[in-house]
Amino acid sequence: MSELSTPQTGSPLLDRCPDSLPAHYYFDPAHHDLELKRIWRRNWIYAGRVNDLPAMTVRRLAIAGENLILVKDGDGTIACFHNTCRHRGAELCSAAETRLAAKLIVCPYHAWAYDLKGNLRSTPYVSVTGDFRKEDHGLFKVNVRLWNGLIFICLADPPPDFERVPDLGAKALDHWPMTELMTGRTMVKELACNWKIFWENYNECLHCPGIHPELCEVVPIYGKGYMAANEAPDWTPASPERGTRLKPGARSWTVSGEPCGPDFPGLSEEEKARGQTFVTLYPTTYLVAHVDYVRVVSLRPLGPERTELRAEWLFAKATLEAPGFDLQAATALVERVVAEDGAASEMNQRGLKSSAFTAGRLMPQEYDVFNFQQWVRRQLEG
Amino acid sequence: MSELSTPQTGSPLLDRCPDSLPAHYYFDPAHHDLELKRIWRRNWIYAGRVNDLPAMTVRRLAIAGENLILVKDGDGTIACFHNTCRHRGAELCSAAETRLAAKLIVCPYHAWAYDLKGNLRSTPYVSVTGDFRKEDHGLFKVNVRLWNGLIFICLADPPPDFERVPDLGAKALDHWPMTELMTGRTMVKELACNWKIFWENYNECLHCPGIHPELCEVVPIYGKGYMAANEAPDWTPASPERGTRLKPGARSWTVSGEPCGPDFPGLSEEEKARGQTFVTLYPTTYLVAHVDYVRVVSLRPLGPERTELRAEWLFAKATLEAPGFDLQAATALVERVVAEDGAASEMNQRGLKSSAFTAGRLMPQEYDVFNFQQWVRRQLEG
Amino acid sequence: MSELSTPQTGSPLLDRCPDSLPAHYYFDPAHHDLELKRIWRRNWIYAGRVNDLPAMTVRRLAIAGENLILVKDGDGTIACFHNTCRHRGAELCSAAETRLAAKLIVCPYHAWAYDLKGNLRSTPYVSVTGDFRKEDHGLFKVNVRLWNGLIFICLADPPPDFERVPDLGAKALDHWPMTELMTGRTMVKELACNWKIFWENYNECLHCPGIHPELCEVVPIYGKGYMAANEAPDWTPASPERGTRLKPGARSWTVSGEPCGPDFPGLSEEEKARGQTFVTLYPTTYLVAHVDYVRVVSLRPLGPERTELRAEWLFAKATLEAPGFDLQAATALVERVVAEDGAASEMNQRGLKSSAFTAGRLMPQEYDVFNFQQWVRRQLEG
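Chains as they are written, first to last, in the numbering used here: chain A, 1 to 382; chain B, 1 to 382; chain C, 1 to 382.
Distance condition first, Cα-Cα at most 20 Å in a straight line; then the derived SDA-like pairs of lysine to any residue:
1. K141(B) - S355(A)
2. K353(C) - G65(A)
3. K189(C) - R350(C)
Everything labelled a hint here was simulated from the structure, so no lab data went into it.
Predicted model only: the values in this text are computed from it and were never measured.
Extracted from the complex, chain A is given alone in its bound form (with noise of 0.2 Å):
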């Protein structure tokens, strides 16, 4: 970025209009298994919250073309564990989650038993001859790293240091209470385009004024196509900050900007005026903090032009328990807003598949699409 953003005035414009990402990164099938190589299978990969996850239970999931399995035990140990059994590669889960009866992984094919670290621990019926040690059978594993109530996998070994995910580092919700929140609402939405689509769609607020009418009424900045108050060509250094701030009277993101239940006790001023506390975790996550909720947003790729997007909506479980709470109420804005950008992205899909278009360019205001498209290129190059 040093080259094109303007750091000596404060502002985070490109000074110029660089190309987009190569069209065939959107659809190319074999690009594709490259980004699932060098992007979904070396980086942390969000996988679901702490708190949805029950003790003794194992659960599939379905992660880069990878069949794994997550293991809770009964001391709430997390483990996460490739979907085969060392004889002859049974599937030791079938259904979408299982409870565990004992401490074991019990394969249903030929009964091989495991542990929950995945060590081999019986084979029935059979002699096993000495070539055959039982400490080289163990599952395959796959890293786990918890943050913030939040589950973290990583199929490559070693994995990326984690603290140097999150955009805004590994405490920028330390005042919000991520790991005792309980999932009100969950959304799942299949869309059809490529995941990079989604992202480049969520960096930049060019397309606010025309896609999201009702969000820009609450965030007046998105209404101008900004997404942060120095964007504007009267900015300064010395402005006050305070272009993201809601209209005035909204609290938070619902219809009616009032929220949805008490605020959060341990936050600063700075963080409830702000409206929103946004972090990012590439590939997979991005959070949007706000005084009374907090909605973790993720996505998954099935597939060169499929992607699975998730939207879980978390709340204090004195709000979701309180008399009168709305979940409806609470949800509904960002629901549009979901589903207007699924929207745009997949009309976005649709016409870069074009024969001729081969790239396109990306205007001064668009700094975190490319920001996010050089993190894809640092990514792809080894």
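Place chains B and C on chain A using the hints.
Below, chains B and C alone, put in the same frame as chain A:
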């Protein structure tokens, strides 16, 4: 053809039985891609009738894997563009057809606006830098040619000479009021066959006795397996050329042989007497003109083994509006013939995929199948 | 096998734990194509029962990606051809089965007619030139072999020696009235697994205790995970070979153990006492003969990960027609077993696609899985 036909006798029959095209030309995906490139992206492709596209309208068009738009302005000028915005490639038109409110094509994603010649006019919300020039970012244009009220587009630039396309010359239909006709009925079928299979079926009448019993009643020569009088063994250059006449009393291709309306006014006696006038425009279209109506049949490949077949019946406005006009009676015979040809083509497709079948043999009567295959071979050369 | 089994002791157990086939053999499309070529197009493939094909009938047959026809003439002679006409490759028979009116196979497209030996007899409507010789344009023949009332075809020419195919020799079922039996029930299932997975399941009984509780009741040895008595640790060459006997009082594979009809007359006491006689014909078929009925189970690959499984229950005519014969009681046990094996095979298929799984390990008890895999390895060699 010169080495195979026998022009000295006037008979069109081949003087030997040449091999048909290699079997894999009809199903191999790589060969199909080559045909898309060498045939479908280089030739003039039928894209509908001028009269059926309202003024101030944008219509989507899918041809040879390309996502295009046809645009007609208020003056009736027709243009064609790739359906992709120059910014980040969003699809300009997602509906099958939309009305234009102003003389602008506006991208629904970030509101970039283009005039109806494709020039980029405005880029709202952005502050472009000097390296971005609007004049370099017009819509990607596709060539358009109108002929006899039909719209043809060509993805190649420069396009080939249109006048050489129709097999009987660009003037063959000059006595028909082509630009004034109205579309009375459109039939669209998806066939499970390669596009060339349908053309081969079109180019011989050996199948007529077995496949088209009703058509053979109306056109008696077809019942003998001939397409033309000079195929008959007893034909000589001195024979009266009356073989393709309709059955006694019949004047058009309807079940009864009765025309469905008055004769078109400008036809010559010969044009009336011959019963049908065929004009062929490879690779997409053939027209059949009768005294009372005209038919446009067109093909689009959807894949190596899937083809869209479209038949349009064109009538004079007065015919369509005449009291007692019976559209069903006017179209029933040909609907049946087209369905029979479609089924025969699918049967041919299924059979030629046998690994034992590497190429067929053409009979002397299949001279026009041979001519078509030679046209294909020439197109594929470079 | 000589280096792995321990023939000196008479035990079939492997003396080490060899690697299973590479994981990609079970799902890679290129490898699957190689298996079609080296295994399915070179070996004798089961194509149905003689008694189930009426005289003067043409039946379609899809095997290993080939579109074939089986033809039975008025004298009961059975022939097999590629389902393609030598003219332009049309499919000769598009229905599942058609009756022949005369002793001719007539192409429905241009009426070329072939006799039931495949010789081209007539080409209506055409005047062939001297370079076309009818005798060069007969139907493409496929080898046919009848054995025990079953039809086998082979796409290779010359085909391999049939007598070497059945694992217990071509005479193993000589005491059963195979050619006279009637098909009482046919079950067809499409399994989401590679064809080899089903054979591996067939070739070991370690899965029996967990997967087939009811079968283990009828065949007690299966409940210990053995296929044969000489797998037992305390077995010696002097042990009485009674391990595969049915449970006390049982005489056939039915839920009750009761036979569903009278014993076949010619069976030896040993054939009656052993409860089941298995004959295996890779790659398509195994037969299980009991005192009262016979079962034919056969496989056809539909793709790398899709397999058609067919089970046919054969009975004496008198058994089928006996008052009170209960077809459901006769077939229920095996229907359940086949469904259990199908589900286990699909579970195995899903699990072995994990990128971490490259090959399994076979246990000493999986000697016949190993034998099957060695057969596959030899077939793939050249």
